[in-house]
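With the sequences and hints as input, model every part of the structure.
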Amino acid sequence: MELVCPAGTPASLHAAVAAGADVVYCGFRDATNARNFPGLNFSRAELRDAVKHAHKHGVHVYLACNTYPQAGAEEIWHKAVDDAVAIGVDAIILADIGLLRYARDHHPDARLHLSVQASASNEEAIRFYHQEFGVRRVVLPRVLSLDEIRTLNQRIQVETEVFAFGGMCVMAEGRCSLSSYATGESPNMNGVCSPAAHVHYEERGDTTVSRLGNFTINIYDSDEKVGYPTLCKGRFRAMDKSGYLFEEPTSLDVTAMLPELADAGVSALKIEGRQRGKAYISQVVGAFRTSLDRIAEGQLNARSKLSTLSEGQSDTTGAYRRSWQ
Amino acid sequence: MKRSRLVMGPVLFHWDEDRKKDFYSRIADETDVDTVHVGEVVCAKRMPFFDKHLPDVIERLQRSGKEVVLSTLALVMNEREVSQIRDIAQMPDIMIEANDISVVRLLAGQPHMIGPYINTYNEGTLSYFAEKGAKRIALPWELPMSSITALCGAQTAAEIEVQVFGRMPLAISARCYSARAQGLHKDGCRYVCGDHLDGMDVETLDDTPFLAVNGLQTLSSHYLEISDNIAQMQNAGVTAFRLSPHSLDMTRVSDLYRQVLARKTDPEELRHRLKEMRFPMDFANGFLHEAPGAEFRQKHAQQAE
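So the protein sequences, as listed, match chains Y and L.
Those letters in the first sequence? Residues 0 to 324, by numbering that gives the first Met the number 0.
Those letters in the second sequence? Residues 0 to 304, by numbering that gives the first Met the number 0.
No lab work stands behind these hints: they were computed from the structure.
The beta carbon of each residue, even a glycine, is placed where N, CA and C say it ideally should be.
Be aware that one or more of the hints could be misleading.
With a cut-off of at most 27 Å between alpha-carbon atoms, the simulated DSS-like pairs for lysine-lysine come out as follows [claimed, not checked]:
| hint | chain 1 | residue 1 | chain 2 | residue 2 |
| --- | --- | --- | --- | --- |
| 1 | Y | Lys-78 | L | Lys-131 |
| 2 | L | Lys-263 | L | Lys-20 |
| 3 | L | Lys-20 | L | Lys-1 |
| 4 | L | Lys-274 | L | Lys-298 |
| 5 | Y | Lys-51 | Y | Lys-78 |
| 6 | L | Lys-1 | L | Lys-19 |
| 7 | L | Lys-44 | Y | Lys-240 |
| 8 | Y | Lys-240 | L | Lys-185 |
| 9 | L | Lys-263 | L | Lys-274 |
With beta-carbon atoms standing in for the labels, derived distance ranges [claimed, not checked]:
| hint | chain 1 | residue 1 | chain 2 | residue 2 | range |
| --- | --- | --- | --- | --- | --- |
| 10 | L | Gly-108 | Y | Asp-146 | 30 to 36 Å |
| 11 | Y | Ala-261 | L | Ala-230 | 55 to 61 Å |
| 12 | L | Pro-279 | Y | Lys-240 | 17 to 23 Å |
| 13 | L | Ala-230 | Y | Lys-240 | 43 to 49 Å |
| 14 | L | Gln-109 | Y | Gln-324 | 31 to 37 Å |
| 15 | Y | Ser-322 | L | Leu-196 | 28 to 34 Å |
| 16 | Y | Arg-154 | L | Glu-268 | 34 to 40 Å |
| 17 | Y | Glu-201 | L | Ala-156 | 50 to 56 Å |
| 18 | L | Glu-78 | Y | Ala-295 | 28 to 34 Å |
| 19 | Y | Gln-130 | L | Phe-48 | 31 to 37 Å |
| 20 | Y | Gly-87 | L | Gln-109 | 48 to 54 Å |
| 21 | L | Asp-50 | Y | Arg-154 | 21 to 27 Å |
If you want a taste of the chain L side facing chain Y, the calculated C-beta under 7 Å gives, among others [stated by the list, open to error]:
| hint | residue |
| --- | --- |
| 22 | Ile-100 |
| 23 | Met-144 |
| 24 | Ser-146 |
| 25 | Ile-171 |
| 26 | Ala-173 |
| 27 | Ala-180 |
| 28 | Leu-183 |
| 29 | Thr-203 |
| 30 | Ala-290 |
| 31 | Pro-291 |
| 32 | Ala-293 |
| 33 | Arg-296 |
The following block contains the structure:
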């Protein structure tokens, strides 16, 4: 399985290449990608240098252009696709149908991948993107179970890539407006979720309150660790009970299931976290490289040493095992 | 001015069979909505309860002169759900609303609708769907007015539809949050989503109404109410206006919106009437104004924008 690693900066890209990535994915410094955070992402010149460096080391580079172009401003996204092709990236990761058609019409030889933001969760949807736009790989939404992924791979002709480590959407990606409901900014339109500019923390008596826009996302007692107020990871009240209504603050880690994922026909593993620093990238990429190499040598018991790096210090295999089914 | 199309969207909640049958009978007999959506959008597990009544309901609505549209699931995940949507796509004599891309492939070339769960954000995507046979395209909830205007300006053959009333669907998941809230697994959910006619109210820990959980779906706590912008939308080229069904008297709600569409009732008056029917009812229209979707911008503040 190919190891696809994130880079939010040229330094992180170098770290990922050095740590054993097969592929590094990144985005341009604007609203065309789903990690549009201040200080993150690549200028055109930086991407050109990054591709040169990666290719010298036998590593591929994918460009994520996976937000939904704004009506009246589609040229910004068209230009991003044109520039990525001119720079020579190895694949472009897209979600929007209009943009997929643009890429197919203007760059028929470009390798197109379908972003998780398109939320293609079944064989008919994947067949659609393959037949209409020649998409060659689909990044699967994090709602599917291992069995569903196995069945899917038997029925489709394109490669599949699954999320292996990092932050986890509990909602179908690309179909969630929770962030913009509270802040006015969304993954689809702005490339951000629960953005930091709308986050604030307040002390109330002995508690710390985390807020997103005008809404309280969590209230922590003095002995609790305060977390970032990602909306779907908050604590709320329903039917007179308080708790993590959607998901405990956990991170995804599939290290323990790598052999099963390979057996299910998965082509590539994606590590989330273009917003993370290079030390994190080195550690996570290095650990996955080691695990994948061990599995390739026939040692099946890969164990994760990454739990201290996870959000909320707790790991989950997410929807793959469906413990809540 | 051409008469706007008034649409009754699909029932998103797990109402029992009698309530749903009664709802459709009243919509058929007592309203002048032009189009009525039927079908299950949220959870495939609910389908067997009402599927057996669908042919009668459809016939009743059609006999009353309503256009009937069959809406499909928003999230299609497994073999069984794929075969369900294949069956639906082959149904004769009824317009289908695709809420997942899988359905679009199956419907290509025949008249159909693109639902609001499909991401139509720009002219390129809109044109693609129109060329493939979409007759009407319902836009996603988070689009600002500037995008709606630009999409109408694209002048495709497809009609443009916008939701004007009701809680806004914000997210869909594989996981059931109604079951989770009651400590149940999805497979043994006991259909507890049906306990809440308009979704299970979710508050912040400091008591602010925030969201509403409806099985796999999460909606806004606030009710979308955008009648202040209806005239502007009509002028821009929006031709269809969707009401999302709730447990209050939807025949009265549809009458009120018909009045606003015909510019015979003031939006302030409409909101006053809605609050008489249900209090508290918080309104929101923030998405239209590139503001948090939960906010409500007053008309005079909008004019200052």
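Here is what the structure says about each hint:
| no. | hint | in the structure |
| --- | --- | --- |
| 1 | Y/Lys-78 with L/Lys-131 | 26 Å, holds |
| 2 | L/Lys-263 with L/Lys-20 | 31 Å, violated |
| 3 | L/Lys-20 with L/Lys-1 | 32 Å, violated |
| 4 | L/Lys-274 with L/Lys-298 | 18 Å, holds |
| 5 | Y/Lys-51 with Y/Lys-78 | 21 Å, holds |
| 6 | L/Lys-1 with L/Lys-19 | 32 Å, violated |
| 7 | L/Lys-44 with Y/Lys-240 | 26 Å, holds |
| 8 | Y/Lys-240 with L/Lys-185 | 19 Å, holds |
| 9 | L/Lys-263 with L/Lys-274 | 19 Å, holds |
| 10 | L/Gly-108 with Y/Asp-146: 30 to 36 Å | 33 Å, holds |
| 11 | Y/Ala-261 with L/Ala-230: 55 to 61 Å | 59 Å, holds |
| 12 | L/Pro-279 with Y/Lys-240: 17 to 23 Å | 22 Å, holds |
| 13 | L/Ala-230 with Y/Lys-240: 43 to 49 Å | 44 Å, holds |
| 14 | L/Gln-109 with Y/Gln-324: 31 to 37 Å | 35 Å, holds |
| 15 | Y/Ser-322 with L/Leu-196: 28 to 34 Å | 30 Å, holds |
| 16 | Y/Arg-154 with L/Glu-268: 34 to 40 Å | 55 Å, violated |
| 17 | Y/Glu-201 with L/Ala-156: 50 to 56 Å | 52 Å, holds |
| 18 | L/Glu-78 with Y/Ala-295: 28 to 34 Å | 32 Å, holds |
| 19 | Y/Gln-130 with L/Phe-48: 31 to 37 Å | 35 Å, holds |
| 20 | Y/Gly-87 with L/Gln-109: 48 to 54 Å | 41 Å, violated |
| 21 | L/Asp-50 with Y/Arg-154: 21 to 27 Å | 26 Å, holds |
| 22 | Ile-100 | 4 Å, holds |
| 23 | Met-144 | 11 Å, violated |
| 24 | Ser-146 | 4 Å, holds |
| 25 | Ile-171 | 5 Å, holds |
| 26 | Ala-173 | 4 Å, holds |
| 27 | Ala-180 | 5 Å, holds |
| 28 | Leu-183 | 9 Å, violated |
| 29 | Thr-203 | 4 Å, holds |
| 30 | Ala-290 | 5 Å, holds |
| 31 | Pro-291 | 5 Å, holds |
| 32 | Ala-293 | 5 Å, holds |
| 33 | Arg-296 | 12 Å, violated |
Hints 2, 3, 6, 16, 20, 23, 28 and 33, counting from the list given before, are not met by this structure.
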